[in-house]
Amino acid sequence: MIEALEARGLKKAFNGVKAADDVSVVIRSGEIVSLIGANGAGKTTFVNMVTGYLKPDSGTILSQGREITGLKPREITRLGVCRSFQIPQVFNDLSLEENLLVAVNVALKGAARSHSPLRNAGNRNARQMADEILVRFKLEDYRHNRANEVSGGTRKLLDVGMATISHPRVLLLDEPTSGVASNEKFAFMDVVMNALADEEVAVMFIEHDMDIVRRYAHRVIVFHEGRVLADGATEDALNQDDVKRYVTGSAA
Amino acid sequence: MLSLQRNVALGALALTIALAVLGAFVPEWILYTCALVLAKGLVVLGLCLLLRMNLVSFGQGLYYCAGAYICGLVSQMGISDAFFLTFLAALGSAVVGLILGLFLSGYRSVFFAMFNLALSMILYGVLLKSISLGGSDGVGVAAPTYLGYAPDGEMRLYVFFVFALAVAGASSVFAFLYTKSEMGLASASVKDCEIRLEYLGLSVRYLIIFNFVIASTLAGIGGALVAMVSGHIIPELAYWTTSGEFVFITVLSGPNGILSAFGATAVFETIRLVAGQNMPNSWQMLLGSFLLLSILFMPNGISGLFRRAKAPKPDAVGEGINND
Amino acid sequence: MDIAFAIFADGIIYGAWLFLVAIGLTLVFGVMKILNVAHGALYAIGAYAAATLVNSSFFGQIEGMAVLIVMLAGAVIAALLLGPFLERVLLRLFYERDEIVLLLVTFGLSLILEDLIKLIWGVYSHYVPGPYALFGDVEIGPLFYVGYDFFIVGLAVVVGLGTYLVLNRTNVGKVVQSVIHDDEISRAMGINVARVYLGAFTFGVFLATLAGAFTAPMIAITPTIGVNAIILSFAVVVIGGLGSIQGAAIGALVVGLSRASAINLWPEAELFVIYAVMSLVLLVRPEGLFGQIQQRKI
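Listed in order, the protein sequences are those of chains Z, P and D.
Mapping the first sequence onto the working numbering, position 104 (from 1) lands on 524, and the numbers just tick up by one.
Mapping the second sequence onto the working numbering, position 285 (from 1) lands on 287, and the numbers just tick up by one.
Mapping the third sequence onto the working numbering, position 41 (from 1) lands on 56, and the numbers just tick up by one.
Heads up, a few of these hints could be off.
Computed footprint of chain P on chain D, listed as stretches where at least three residues anywhere in the stretch have a Cβ under 8 Å from a Cβ of chain P [stated by the list, open to error]: (1) 101 to 111; (2) 116 to 123; (3) 168 to 178; (4) 245 to 257.
Calculated lysine to any residue pairs in the SDA-like style (CA-CA distance at most 20 Å, straight line) [to be verified]: (5) P:K193 - D:D113; (6) D:K133 - P:P282; (7) P:K182 - Z:E451; (8) Z:K529 - P:R207.
Hints are computed from structural coordinates only; laboratory data are not their basis.
For glycine and all other residues, C-beta sits at the position ideal for the given N, C-alpha and C.
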């Protein structure tokens, strides 16, 4: 079986500080995996390496058996590894519908050079696809609002929605619930997980809230000082002593 | 959406014909100014496409001047057909735009503005000292002919006006459809978030080059028109203050309009014409104040005034958090 | 050999003058991230202010080196009248906006100031001939130089070193450095960023008027000198790296020496050379010789 994502021996140092120290991880399609760890433990560095924002000093990354180490973000994206961001990376001045249309056109046409300079971006086909995402992510009510007019949570949904349009094989969500009001976090994650339920995708999300982790993750990968401290089924991993001591802070 | 394309084309055609008819009844100096507005408006139209990406070129005079010189120098060789000259100028400036765009696409903000400025000043410096290209005196441009038809006397200016109108009309239809197109929408999102575009799988650089080439082509066409209407070209077309003037009009127009590009150019030329005659030492002050006020109160220029009226109300969806 | 020396001397003299003209531009960009297009017009105003004072009936009787003090006074008065006013009343309105919008704002400002100059001082030329002869002529080998040119070199060194030392060796400098580094964190640390902006912009204006005031004796002062000064300053600060004082010094020398080489060897290429060098630097080192790029965090 070919793994959705496989990282082997990733290393990355910033000015001597090891942000990733021999990180090896395997994720299969259909899994929902949470990445946890203190700030600076190496979670975001890992996501940034996988998605091509950072180049690892050494190690390899494969997706569906294809090596993607050191490729550009847009190349990795086209190979089915997509991501959302801690701070939503959306087009503030465009309406939510237009935001999704940009993404839809990319999903339909691929690279920029295949985009038509004359064909209407909001053609029926594209609009249908955008509509479908608007509905799935419960964004219909705001379709004509500009992205900078809607709440932080709505922008986060849009961000995830845009990453989902091209049916990725691997979806990395960088702190999806940060910036979402605490009483809306579960509702937010429900929307996201329901929207992804029919996708054939491996989901990885960085999360600090252990309630969210327990509720949504099948498996947890714990980072500590650039290393993988624990990797296993959610409760097993969270119950390890060193995880409690270093990460969840619930040690007796 | 074929109907959209047809409607826009028909609307533009109707407007063009109406203006062409109207042009037959106005005095020569107005006709001349209008032709100038159409030429410069094309350059502004191109800059609007760049402004949509938050790119401001303080060197668009380079392509404007290149188009004008291609037109002028070729007309010196005895080829005077307006269609051919315009085509040649468009082609030439597109090639220059493509070559330079390959480099310029890596730059943003003031660096983009300054790199363009430097390049246009190179052309200015070269033209100023090239005796064979007329040096600082410039070059004369032969009166244009139209597929063998050579109007004379009063008809000369009017026929040119109609020609310029047709060129501007066709360019505007293209620009309109372009801004609504797949490529156009992706381009409009560059200014908000390049990272998202790259993570959708698009090359921002490609988008910038594409728009840059369109902008250069439009500037080259504008340059050719100016060369034909004024009958004379000089290196100052590439000087940075010429480019600054275009930037000025572009900001006034705002990035999102087609007609507003020509409207803003008309406002600019009118102020220059009227104020320049009546108060030669303070019309720039008027323009400068105008620019500051429009940046302050109309961040999207003239085009923004119309756009805002159409946008839906921001309903109670919480406060927008601007994280950039 | 003589040509090499002439190029060297011309380059240094011209470079020193360029540095004097451009240092305020780079300083204001460094602190406020504003590429001030109006810098050229402010330079022109400095020249007019100095001319007005020196040629006035009251100060006109002053002779000798004291004239330099009068010129300095002209620069100071112009800077104090304009700097705080422009920063407090005008620029402040646009601080939330993009870098490129501020470029456009200062572009509008430059148009306004240019006409203000015409309204106050008219369109004909003004002259301040006296001081140019103050330092006599200097003979170096077969070449003659005007002593005043070397005074400009000295002034550039003093102004450059002074600004550098204030920024790097004093408490005021540390505060400014902190704002340059990150204005939001500085604000959080209790630094009065608004005051730093006011001070930095006013000082930047002063550097412009100072350059104008001391250029006045060398030229015919006309309303267009500002446009020519700013376009050269752009080349200097972009080559050196926007916001860097050392960079401006190097940029000024690069432009000065390139122009001197062109004038002595290939006069037709004077303008071409300056902007070719500018383009080349942008191409090879977009952030300029001394500039720094910041990687965006996601």
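Structure-based check of each hint:
Counting residues of the stretch 101 to 111 of chain D whose C-beta sits closer than 8 Å to any C-beta of chain P gives 3, which meets the bar of three, so the coverage hint holds. Residue count for the stretch 116 to 123 of chain D with a Cβ under 8 Å from a Cβ of chain P: 6. That meets the three needed, and the coverage hint holds. Remark: the stretch 168 to 178 of chain D is not confirmed as covered by chain P, as 0 of its residues place a Cβ nearer than 8 Å to a Cβ of that chain, below the required three. A count of 5 residues in the stretch 245 to 257 of chain D with a Cβ less than 8 Å from any Cβ of chain P is obtained; the coverage claim is therefore met, three being the minimum.
Our distance criterion of 20 Å between C-alpha atoms is met by K193 (chain P) and D113 (chain D), whose separation comes to about 11 Å. A C-alpha spacing of about 10 Å is found between K133 (chain D) and P282 (chain P), which places the hinted pair at or below 20 Å, so the restraint holds. Straight-line distance between C-alpha atoms of K182 (chain P) and E451 (chain Z) comes to about 39 Å, which puts the hinted pair past the 20 Å bound. Taken as a hint, the K529 (chain Z) and R207 (chain P) pair is honoured in the structure, with Cα atoms around 17 Å apart against an allowance of 20 Å.
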